Each structure stands twice: as C-alpha cells, then as structure tokens.
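As they're listed, the protein sequences go chains S and D. Numbering-wise, the first sequence is residues 0 to 313 according to numbering that gives the first Met the number 0. Numbering-wise, the second sequence is residues 0 to 322 according to numbering that gives the first Met the number 0.
Source of the hints: derived by calculation from the structure; they are not laboratory data. Remember, predicted model here, so these are calculated numbers, not experimental data. Idealized CB from N, CA, C, for every residue including glycine. Treat the hints with care, as some may be off.
[Said to hold, decoys possible] Below, a list of computed lysine to any residue pairs in the SDA-like style, where the Cα atoms sit at most 25 Å apart: (1) D/10 with S/37; (2) D/59 with S/154; (3) S/234 with D/176; (4) S/31 with D/157; (5) S/122 with D/182; (6) D/10 with S/204; (7) D/146 with D/156; (8) D/146 with S/48; (9) S/122 with D/157; (10) D/10 with S/171; (11) S/31 with D/216; (12) S/223 with D/7; (13) S/276 with D/227; (14) S/31 with D/146; (15) D/276 with S/157; (16) D/276 with S/67; (17) D/145 with S/26; (18) S/234 with D/219; (19) S/221 with D/17; (20) S/67 with D/176; (21) D/10 with S/222; (22) D/59 with S/160; (23) D/59 with S/171; (24) S/276 with D/184; (25) D/145 with S/221; (26) S/67 with D/182; (27) S/65 with D/165; (28) S/234 with S/211; (29) S/32 with D/227; (30) D/59 with S/121; (31) D/276 with S/283; (32) D/276 with S/153; (33) S/122 with D/18; (34) D/59 with S/168; (35) D/59 with S/167.
[What the hints assert, rightly or not] Label pairs and their calculated CB-CB ranges: (36) S/86 with D/230: 57 to 65 Å; (37) D/163 with S/308: 15 to 23 Å; (38) S/35 with D/277: 46 to 54 Å; (39) D/187 with S/30: 27 to 35 Å; (40) D/99 with S/42: 16 to 24 Å.
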Amino acid sequence: MTQMPMGAVPKKKEEKMKLFRKPNKNLFRQMKKNYSAYLFLLPKLILFTLFVAIPVVWAFILSFQKYKVFGSEFIGLENYIEVFQSEAFWIALKNTLLFTVVTVPFGVISALVLSVLIFELGKLSQSIFRSAFYLPTVTSMVIIAMVWRWMYNYDFGLFNYVLGWFGVGPVNWLGQSSTALWALIIMQCLIPFGVGIIMYLASMGSISQSLYEAARMDGAGKFKQWIHITIPLLKPTTLYLVLLSTIGSFQVFTQIIMMTGGGPGSATETLVHLIYKTGFRDFDFGLAGAQSVVLFAIILIFSIIQFRVLRHDE
Amino acid sequence: MNKKPLDRLNKFIIFALLSIFAVVSLLPLYWVFSTSLQLSSYQSMEMERPVSYVDSNPPKMYPMGIPLYFEHWKGAREAEKTGDAELETYHRAQMDHIVSNTFGSFKSLFKKHDVGKWFFNSLYIAVVVTVGILLIDSMAGYVLAKKRFPGRNLIFWIIISTMMIPGQVTLVPLFIMVGNLNLMDTHWALILPDLSMVFGVFLMRQFMYSIPDELLEAAKMDGASEWRTFWTVVLPLAKPGLAALGIFTFMNVWNSFLWPIIVLNTAELYTLPVGLKTLQDANLASFKLLMSGAAVAAIPMIIVFILFQRYFVQGLTLGGVKE
Numbered sequence: 000m001t002q003m004p005m006g007a008v009p010k011k012k013e014e015k016m017k018l019f020r021k022p023n024k025n026l027f028r029q030m031k032k033n034y035s036a037y038l039f040l041l042p043k044l045i046l047f048t049l050f051v052a053i054p055v056v057w058a059f060i061l062s063f064q065k066y067k068v069f070g071s072e073f074i075g076l077e078n079y080i081e082v083f084q085s086e087a088f089w090i091a092l093k094n095t096l097l098f099t100v101v102t103v104p105f106g107v108i109s110a111l112v113l114s115v116l117i118f119e120l121g122k123l124s125q126s127i128f129r130s131a132f133y134l135p136t137v138t139s140m141v142i143i144a145m146v147w148r149w150m151y152n153y154d155f156g157l158f159n160y161v162l163g164w165f166g167v168g169p170v171n172w173l174g175q176s177s178t179a180l181w182a183l184i185i186m187q188c189l190i191p192f193g194v195g196i197i198m199y200l201a202s203m204g205s206i207s208q209s210l211y212e213a214a215r216m217d218g219a220g221k222f223k224q225w226i227h228i229t230i231p232l233l234k235p236t237t238l239y240l241v242l243l244s245t246i247g248s249f250q251v252f253t254q255i256i257m258m259t260g261g262g263p264g265s266a267t268e269t270l271v272h273l274i275y276k277t278g279f280r281d282f283d284f285g286l287a288g289a290q291s292v293v294l295f296a297i298i299l300i301f302s303i304i305q306f307r308v309l310r311h312d313e
Numbered sequence: 000m001n002k003k004p005l006d007r008l009n010k011f012i013i014f015a016l017l018s019i020f021a022v023v024s025l026l027p028l029y030w031v032f033s034t035s036l037q038l039s040s041y042q043s044m045e046m047e048r049p050v051s052y053v054d055s056n057p058p059k060m061y062p063m064g065i066p067l068y069f070e071h072w073k074g075a076r077e078a079e080k081t082g083d084a085e086l087e088t089y090h091r092a093q094m095d096h097i098v099s100n101t102f103g104s105f106k107s108l109f110k111k112h113d114v115g116k117w118f119f120n121s122l123y124i125a126v127v128v129t130v131g132i133l134l135i136d137s138m139a140g141y142v143l144a145k146k147r148f149p150g151r152n153l154i155f156w157i158i159i160s161t162m163m164i165p166g167q168v169t170l171v172p173l174f175i176m177v178g179n180l181n182l183m184d185t186h187w188a189l190i191l192p193d194l195s196m197v198f199g200v201f202l203m204r205q206f207m208y209s210i211p212d213e214l215l216e217a218a219k220m221d222g223a224s225e226w227r228t229f230w231t232v233v234l235p236l237a238k239p240g241l242a243a244l245g246i247f248t249f250m251n252v253w254n255s256f257l258w259p260i261i262v263l264n265t266a267e268l269y270t271l272p273v274g275l276k277t278l279q280d281a282n283l284a285s286f287k288l289l290m291s292g293a294a295v296a297a298i299p300m301i302i303v304f305i306l307f308q309r310y311f312v313q314g315l316t317l318g319g320v321k322e
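Construct the complete structure from the given sequences, taking the supplied hints into account.
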C-alpha cells in the first residue's frame, strides 16, 4: 500500500527554510514548554521508528549483505550483480512492464471516458453508476482473483463458453505461456478503475460552468467541449491517477499468486512475486533486499518521468 | 433550459452504454454469489444420475435451485390436490434437498473449515487497527497542524517522505524485525506494522488545519487540559476526516494479503484472505465452496461500502488514497 501526498507539495520550500533554522538557546525551554505536543506524537513516533524507519534503512543495508542470523557480512554489490545477471529478474521486469504499459493507460483513459459520460447524467444516475463502478474496487483482490480463475476455467469457465458462441476456442487461458499474462492483463483492464472515476467526477464538478457556456456561445459541440475544456482542465487529476496506478501496477502480486503462481514456467512472473519467492521461499534475504531496492528505484524513475512529461506544458 | 428530443436520446444512449459497462464490471461479483448458491447435486425422477450445475457446460447464469424449487412446489401442490401422497412426499423431499444443497457450502465452510475463526480474526484485527489508527494519527496530526514546537517540520517531513516508498521494500527487514521481537505467527505481527502506516498522519494533519484556532484558545481559556481540548473540541470537529480515514483503514486491513501470508503459519490464526488462499490450494475442485468463502469475505466490505458511501468519496477526494 502506497499513499501519496497531494496538497503537501507546494508548501515544501517555505517549510524547508524553517527546518534548517539555527537552534537558539531557547530550544530547550521551548521543548519543555511544549512537552505535551511530544507526548501526543509519541505513540506514532515509536511505531513509525520501529516498523517503518528502521526497516527502510535496514532494507538498503541488507541489500549489500549476505544475511545470516548471527553476523551478516558485507559483500558489496554482489547482490545487485546477481539481480541483474539473473534471467528471472529480466523476465519479471519485462512482464511487469508489459502489464503496466497496457493496463495503466487503459485504466486511466477508460476512467476518463466513463466519468465524462456519467457526468452528463442526472444526480441520481451519477451516484448509481459511481457506486456500480467503485463497488468492485472495495472487494479484495483475493476474491476477484478467485472468481476470475473460475471464469477462465478451461472446461466450465464463462469465457470459453462465450467464445464458443463465436466458434472460437476453447482457450487454456491460464495454462499456457502464450495467453497467461494476457489473461491477467485483460482481467485488470476489465476491473473498473473506481478511484479514478470518483476523482475525475469530483474534479469535473469543480470546473466552472461559465467556461462551457462561453464555448457553447462560440458554437462548440459537446465533443469539442470535452477535448478543449474538460480534458485539459483535468490534467492534474490525470497526472495523479497515472502515477498512482503505475505505482500500484508495478506492485502486482495478489493475482499472480492466486491465479498462476508466476507460471506456467515464468510466463507471469512479476517483480513483487519474484521478491516474495526469493525472500520467503528461498530465504535469500540479501538478494530479495536488493531486488526490492531495484523495484523502488524503477518506480521512482518512472514516477519522475511521468511527472515531467505530464507536467510539461503547464 | 429547454429539453430537445435529441438531448433525451443522447442521454438515453449514454445511460444504456454505461449500464452495459456497469453490468460487465459487476459480473465477477455476481458470479461469486451465483456460484456460491448454485445447486451442486440434483436428481429428478427422469434423470439417471445426479447432475451438478456448478460445473455444467453451458454455465448456468443463476442459481438453478430457484426455478427447480418452484417446479417442485407446484408439483407438490398438484399432488396434494389429486391426493397422490407418494408424489407429494417426493416433491417435498426434493424441495428440502434443494434448500439444504443451495446453502450447504456455507454451512460446511463454518463447520468443517475454520472460516468462522478466520472471519473473526479478520474482523477484530481490522477493528483494533482502525480504532488505534484513528486515535494515534489524529493525535499526531493535531499537534503537527496546530502546535509549534522544535522539530515539528523535521518530524513531519521524515514521516511523509516514507509514503513514497512501496511497502515491498521493507518486507524482508520487517520480517526479520518481527522475528527478533518474537512476534512471528501472531496477530501482533499484523497489527503493529499496520498501526505504523503513515498515511493517516498526513490526512489528519490536512484536516486539522481547518479547525479554527479561536476554538482551541477558548478551550484553553476555560482551563481545559491539552488532552481535554483534544478529546472534547478537536475530535468532534474532525469527524468527517475520521470517518474517511477509518473506512480506508478498515478496508486496507480487511483486504490485506501479502504481509499476512508471510507471517502467519497457523491455520487458526489466519485472516480471511489467507484462509481463502489455503482453501483454494487444497480444494481445487469445489468451486461452490470456494465461491462461498469468497462471498463471506466480500459481504462485509459491500455492507460497509453501502452504509458509508459518501465517506468513501470524501476520503478519496480529500487526500488521495490508494487501494
């Protein structure tokens, strides 16, 4: 689970200056005066230090170590070299990238189109459709994966039945390397991007009606209004959603372990599933640590690129 | 505004299109419930051997128990009229069989498998974490928004900067840490890391900004202690934020999967998603049973969603939360 700050970004500069303010002699007195504030913060700080801060630092240290219960030894970049030399990593990276490159644009664009359509309707229909598209998102991916596995079943699945109408198939969706990854991609595409729809609808609600009226005066039709007003003004939301779903998509795991286990062969191996296998099946903690750091770096690079590209002409 | 017929037509087309998409997106969920209630064994007088509608080809789109029950009910009534006692008993027996078979998988889930226990585990862990997060994060968010003290900004930025780091990065160190603390294969291994999630601090801090300073000062003037001010003035004003945070925390914990399958090994301690995985691994053939388990796990979230819908929307638009 990753969450991202939105409104926090612009404040950064001014707060940073205060951050490095010289400590004055009143510091201790100030701290004493505000002791209750520290008490309020204490529970979170303890938990945060133990279960977030230390593990984060430790993750980086581990990636340079050969882990042993008593006395891990530093082995420099060996874990990283092993990561980049193993075929499994490149296959997992390729699969994860393909998954991301197809599902993220599809998810965001379909959310945009659906929201634009939903926005045209009355209040009641709006809230009905919003719920209908968000409901599948509140159910656990474990459940969704279980039922899709059932729908992809070779003999009795819904999919092969429907394909039968068109004289196609049956297809062994999850059982063969040529279709397994695509089966997962199709599944992801057909799960509505509920968060996206809700956020788009909220942003569209805040676009001033006068813009549309002006466009109508100029004789612009609905379609032109969407292209020239709605979509450009939704750009910040789009940026946010692209970042959000890219990060989520790089972490794809539940479907994999529930539906294919990375197989057949390594046809559906993804990065997080690989980390899971390396760390908790083979118990190679150092290598898994290095894989995690690489995953983090990839996500970071992608986020920065997307931020740059989508922000470009603002 | 005057409504032109063309507008009406457009709206109708949009409505129809959206309905199709909505049906497609809700179909998997429907399929869970439909399969969980599907008749898995049925034999009428004309049949040579019992059939299962769960894995039949073509698939049955709705629980077959419904039409068959009505058929037998009609049959029983007719037999009653004509005075054919034997036929009536047959129909009545079939009706009983249909009911017990339709709901049978739910019964066996709770009787033969640990689903009841898993459900309880999931529920109490989600409740404990939600309550804990609401308290801890609103306390932290409150002072970070409203108090000035040395180190405030430093603390805030350290906490917030970890929000960018995906959870998988800390998986291995957290595992070692939990092992060192002797918490492996306990519920504390789930609860403590969940309580450490930082998103709520960010959300509550944003929310606390909107509380007017005058109210806090007034409370201070009245001689209220810091804690009392927080408890009686701040928290009630933060209710919408608390509702949003509470719902997302509950949902995240209820649905969490990757970490629980790593730290839990004892079947009795499983949460529902972990239990469902083991059920799927062991019981490949019985899809009715699996889908019943899935239904049990899905229902609470669906109820929470229906009851607190507006807070979902609020929470998403307030800060941006991810699955």
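Hint-by-hint comparison with the structure:
1. As the CA atoms of residue 10 of chain D and residue 37 of chain S are separated by approximately 57 Å, the hinted pair breaks the 25 Å bound.
2. A threshold of 25 Å between alpha carbons decides the hint, and for residue 59 of chain D with residue 154 of chain S the separation of about 14 Å falls inside it, so the pair holds.
3. Restraint check for residue 234 of chain S and residue 176 of chain D: not satisfied, since their Cα atoms lie roughly 42 Å apart, outside the 25 Å limit.
4. With a CA separation close to 22 Å, the supplied pair residue 31 of chain S and residue 157 of chain D stays within the 25 Å bound.
5. At roughly 50 Å between alpha-carbon atoms, residue 122 of chain S and residue 182 of chain D are farther apart than 25 Å, so this suggested pair is violated.
6. Proximity of residue 10 of chain D to residue 204 of chain S is assessed by CA-CA distance (about 18 Å); at most 25 Å being required, the pair is judged to hold.
7. Taken as a hint, the residue 146 of chain D and residue 156 of chain D pair is honoured in the structure, with Cα atoms around 16 Å apart against an allowance of 25 Å.
8. Our distance criterion of 25 Å between C-alpha atoms is met by residue 146 of chain D and residue 48 of chain S, whose separation comes to about 22 Å.
9. A C-alpha spacing of about 42 Å is found between residue 122 of chain S and residue 157 of chain D, which places the hinted pair above 25 Å, so the restraint is violated.
10. Only pairs whose Cα atoms come within 25 Å are accepted, and residue 10 of chain D paired with residue 171 of chain S is rejected, the gap being roughly 40 Å.
11. The suggested pairing of residue 31 of chain S with residue 216 of chain D holds, with an alpha-carbon distance near 20 Å, which does not exceed 25 Å.
12. Pair hint residue 223 of chain S plus residue 7 of chain D holds up; C-alpha atoms about 20 Å apart against a cutoff of 25 Å.
13. Distance check on the hinted pair: residue 276 of chain S and residue 227 of chain D sit about 50 Å apart at the alpha-carbon level, beyond 25 Å; violated.
14. Between residue 31 of chain S and residue 146 of chain D the CA atoms are separated by roughly 13 Å; this keeps the pair inside 25 Å, and the hint holds.
15. Proximity of residue 276 of chain D to residue 157 of chain S is assessed by CA-CA distance (about 22 Å); at most 25 Å being required, the pair is judged to hold.
16. Proposed proximity of residue 276 of chain D and residue 67 of chain S is contradicted: the alpha carbons are some 30 Å apart, above 25 Å.
17. For the suggested pair residue 145 of chain D and residue 26 of chain S, the alpha carbons sit about 19 Å apart, so the restraint of at most 25 Å is met.
18. Proposed proximity of residue 234 of chain S and residue 219 of chain D is contradicted: the alpha carbons are some 44 Å apart, above 25 Å.
19. Restraint check: the Cα-Cα separation between residue 221 of chain S and residue 17 of chain D comes to about 18 Å, which is no more than 25 Å; the hinted pair holds.
20. Taking the CA atoms of residue 67 of chain S and residue 176 of chain D, the gap is about 14 Å. The hint holds against a cut of 25 Å.
21. Restraint check for residue 10 of chain D and residue 222 of chain S: satisfied, since their Cα atoms lie roughly 14 Å apart, inside the 25 Å limit.
22. With a CA separation close to 11 Å, the supplied pair residue 59 of chain D and residue 160 of chain S stays within the 25 Å bound.
23. A threshold of 25 Å between alpha carbons decides the hint, and for residue 59 of chain D with residue 171 of chain S the separation of about 20 Å falls inside it, so the pair holds.
24. Under the criterion of a C-alpha separation no larger than 25 Å, the hint pairing residue 276 of chain S with residue 184 of chain D is consistent with the structure, at around 19 Å.
25. As the CA atoms of residue 145 of chain D and residue 221 of chain S are separated by approximately 46 Å, the hinted pair breaks the 25 Å bound.
26. For the proposed pair residue 67 of chain S and residue 182 of chain D, the alpha carbon gap of about 19 Å is at most 25 Å, so the pair holds.
27. With a C-alpha separation of about 23 Å, the suggested pairing of residue 65 of chain S with residue 165 of chain D holds against the 25 Å cut-off.
28. Distance restraint check for residue 234 of chain S and residue 211 of chain S: the Cα-Cα separation of roughly 17 Å lies within the 25 Å cut-off, and the hinted pair is therefore satisfied.
29. Of the pairs offered as hints, the one joining residue 32 of chain S and residue 227 of chain D holds, with about 18 Å between alpha carbons and a cut-off of 25 Å not exceeded.
30. For the hint linking residue 59 of chain D to residue 121 of chain S, the alpha-carbon distance of about 35 Å lies beyond 25 Å, and the restraint is violated.
31. Between residue 276 of chain D and residue 283 of chain S the CA atoms are separated by roughly 24 Å; this keeps the pair inside 25 Å, and the hint holds.
32. Annotation: proposed proximity of residue 276 of chain D to residue 153 of chain S holds, straight-line Cα distance about 20 Å (limit 25 Å).
33. Simply put, residue 122 of chain S and residue 18 of chain D have alpha-carbon atoms about 16 Å apart, close enough for the 25 Å limit, and the pair holds.
34. In summary, the hint linking residue 59 of chain D to residue 168 of chain S is supported, as the alpha carbons are separated by about 19 Å, within the 25 Å threshold.
35. At most 25 Å may separate the alpha-carbon atoms for a hinted pair to count; residue 59 of chain D and residue 167 of chain S meet this at roughly 20 Å.
36. Look at residue 86 of chain S against residue 230 of chain D: about 58 Å separates their beta carbons, and that is inside 57 to 65 Å.
37. For the hinted restraint 15 to 23 Å between residue 163 of chain D and residue 308 of chain S, the CB-CB distance of approximately 18 Å keeps it satisfied.
38. Checked against the hint of 46 to 54 Å, the pair residue 35 of chain S and residue 277 of chain D passes, with Cβ atoms roughly 47 Å apart.
39. A hinted range of 27 to 35 Å for the beta carbons of residue 187 of chain D and residue 30 of chain S is consistent with their spacing of about 32 Å.
40. In this structure the hint that residue 99 of chain D and residue 42 of chain S lie 16 to 24 Å apart at CB is violated, the actual value being about 51 Å.
Checked against the numbered hints above, the structure violates hints 1, 3, 5, 9, 10, 13, 16, 18, 25, 30, 40; every other hint is satisfied.
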